Amino acid sequence: MAAGSDVYVLGGYQTDFARNWTKENKHFSALMREGVLGALAECDIAPEEIESAHVGNFAAELYCMQGHLGAFFTEVHPAFSGLPTGRHEAACASGSIAILAASAEIEAGRYDLQAVVGIEQMKTVSAAEGGAYLGTAAWYAQEAEGIEFPFPKLFGRLGDEYDRRYGLKDEYLAEISRLNYDNAKLNPNAQTRTWYMNKEHALCRTDDNPAVGGRIRIADCSQVTDGAVCVFLASADYARKWAEARGRSLADIPRIKGWGHNTARLRFDDKVAESATAEYVLPHVRSTITSAMKRAGIAGVDGIDGIETHDCFTTSEYMAIDHFGITAPGESWKAVEEGWLEIDGKHPINPSGGLIGAGHPVGATGTRQLLDAWKQVTGTAGEYQIEGAKTVQTLNIGGSGTTSVSFVVGR
Amino acid sequence: MPSTPQSASEVRRLLASRKIEKVVVLGANGTMGYGSAALFTQAVPEVTFLARTKIKAEEGLGAAVKQVRSPTVASRSRVGSYDDDLEAAVVGADLIFEALTEDLAVKKDMFDKVEKFRRDDSIVATVTSGLSINALCEGRSDSFRQHFLGLHFFNPPNVIVGTELIAGEDTDPEIVDFVEVFSRIRLGREMIRTADTPAFAGNRVGFKVLNQAAQLAEQLGPVLVDRLIGPYTGRAMTPLATIDLVGWDIHRAIVDNVFENTEDEAHLANRLPGYMDRLMERGVMGNKTGRGFFYRDDDKRQHVLDPASGEYQPVSEVVLPDLSYIDEVSRLYNEGRYKEGMQVFLKADGHEAAIARRAIAGYISYAFHRVGEVTETIDGIDRIMGLGFNWAPPSVLVDTMGGAEAAVQMIDKAGVPVPPILADAAKTGEPQRFFDHPHINVGRFFVAG
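Read top to bottom, the protein sequences are chains A and B. Going by the working numbering, the first sequence wraps up at 411, each residue one higher than the last. Going by the working numbering, the second sequence wraps up at 1449, each residue one higher than the last.
The hints are simulated quantities; they were obtained by calculation from the structure and are not laboratory data. This one's a predicted model, so the numbers in the text were calculated from it and none came from an experiment. Using N, Cα and C, we set each Cβ at its ideal position, and we do this for glycine too. Treat the hints with care, since some could be wrong.
[What the hints assert, rightly or not] In silico negatives: residues of chain A with every beta carbon more than 10 Å from chain B:
| no. | residue |
| --- | --- |
| 1 | R33 |
| 2 | A71 |
| 3 | M197 |
| 4 | A251 |
| 5 | I298 |
[What the hints assert, rightly or not] Straight-line alpha carbon distances no greater than 20 Å define the calculated SDA-like cross-link-like pairs of lysine to any residue that follow:
| no. | chain 1 | residue 1 | chain 2 | residue 2 |
| --- | --- | --- | --- | --- |
| 6 | A | K123 | B | E1335 |
| 7 | A | K199 | B | E1335 |
| 8 | A | K23 | B | E1021 |
| 9 | A | K241 | B | R1282 |
| 10 | A | K199 | B | N1390 |
| 11 | A | K23 | B | V1161 |
Using the sequences provided together with the hints, build the complete structure.
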């Protein structure tokens, strides 16, 4: 066992985010099984090899009336009987928190090979009920209780804050929506890959694109999604052995080169008040991004070939653009206008389609982003491949910019 | 059925080889017409809806907007009538998409007019679900025949991505390749190339299963049949409910076409049951006439047909035999234990389980027997059954049973002809797995309950 090691990513598996597991009459455990067994098959790893397992999940107790999710590993395969497992929660950042915990165990030298599953089954309840559950990612009693769809309203206010400080035109938000939907069409696992969408639709103000929270309309939102994504993290020792057994070398295997992790105050008003005199609207998110870059030894966004960011709403991606440093604060619109965010642009964002296009099964998003980063840097992203991508960064956010986690993945 | 263009550079070259900026849809007031037109507006700046009258074309456009729930369809569309607008629309069109009624003479009549006005380089596609592509373009000019093909979307095209592509004898291979890549990349289709054989691949294999279910209903009754060949056998919608949705007349047109124009090892399975003919004379056509194998009354109570008498009774009064094995299979599928569930199905005791196995063996057998006739390999049939019908592809069933050997045993025991491909695979042990599409989750096909 290695005493302290870098964290390597061997690969993983994503379920098709277009599926509705309730319509298939499937229990949470089926989603878990398909995610984990899919990853074992994809990476050609025997279940006996896994030493520890982590589950990232937001609210299975609410959506599925089921807790104690780590234990479901034992239902996936008989070899997992006795496996050390646990579950991690930080709202929409749950998947990334699970990755951080697993990484720490590898860095500490406790284990050499870990499975991390991000998972959420959300289509078990009506949109309104699910919207209320999501409200528990905010300060529920103060910001969500009695409010229909609280989160679009919170992120609508993020747009309003940009508008107040710098000015914001909705057409840039529509363009962000359009781009995510366009990219999703290239991603065979994306929830919206067959949906009817274009910029004109995103800008339309009819009942086909109703307002759900201030300036946020349906086309600005990520959707209710069922999905699981399992990734395998390994120590250098294990990764080398695994690579060599497959005719590759350790240098071929991507690793987590840097990470960032911060938590801001829960209430959106408090965040905005805190940043009133700051350069960035969400300074803690900015800090998460830059600390991940710093740990990876990267000076700035020009050292990043692609980004998988948390676009739960178009306003969160709009925020990410300047927070990543692609533009000066408040000038995110420039990157949209210049086409920098396209897959073949200067700073591609969300080639996968992101949360809006690929889908947002809350607890799975962080692991989905890491897997998509892995696909990009290994040149296996298929039709949404960024040509020559070597280093990709993720940004996963829980709540209204509350918990943020970022990873830099590269070889 | 030449192979599919694969490499990224080849895909880029093909996409750049032509422009599809204007599409005209003929028969745009019909279900396939407006559904296809809506789909084209995703990728094409100008789509013209044509119908017998402008009012009908406008109705089609209204239905298209409603289907994809986007007013942007209208901003990319024009409407017109054959009499007033056909010439101008066809002259300007890069793609002329025919979606008229399934009648050879009606379609050929329209192609007479299209031929007069079309540019030499425009593509002409038909959405026919089973008429011969070669017969449809017989006697036309070289240019027409070289640019003519079948592009069979399934209904509704905004939801179902499986699409059949059928070249005629004279279709330019470059045109076939282009349409395939355009449909796949720009329209998000899963493309399957089929031969120009009756009902092509999907409907040939699928409607045989549906028709056998209808035949079985004569003895067993529709409720039991839909339970036995239900979701646990790998489909979201049960077979007789599917015929009701499709329409009995459409079902008849498809199986009659196959029955009259093919001679295969399961010929009688494609003969429409006599009771369906008789009941159709009395207006029973499925959901569109309010009466089929099933209907719901005003209190939402479901009623079921007695095929012998033509009478209906409440489904709640139908007494079913012990089908607890289905509950057990469903419980395992509910937990994602598909292989274990399949084993319970394969080993279940009783007359009813044997009937269900015979139906599924018939599906697998018929599909594998069609390889070389309707598609080049089983893969095309697999993909159209999975992504056109939303049924477990035959190969997925074989793989889940444990491979060719297990499947051959099951098919043989059911008294159904064993397809040579499976017999060979059982002998050689290769391939170990038939279905190899990492982006298609096979678990989705195993619906519990």
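Going down the list of hints, with the structure as the test:
1. R33: Label violated. Min Cβ-Cβ 4 Å, cutoff 10 Å.
2. A71: The assertion about A:A71 holds, with a minimum of 14 Å to chain B.
3. M197: violated (8 Å)
4. A251: Holds, since 25 Å exceeds 10 Å.
5. I298: Non-interface label stands for A:I298: nearest chain B Cβ at 29 Å, farther than 10 Å.
6. A:K123 - B:E1335: holds (17 Å)
7. A:K199 - B:E1335: This hinted pair is violated, its Cα atoms lying about 40 Å apart.
8. A:K23 - B:E1021: violated (38 Å)
9. A:K241 - B:R1282: violated (72 Å)
10. A:K199 - B:N1390: violated (30 Å)
11. A:K23 - B:V1161: holds (19 Å)
Violated hints for the displayed structure, listed by number in ascending order: 1, 3, 7, 8, 9 and 10.
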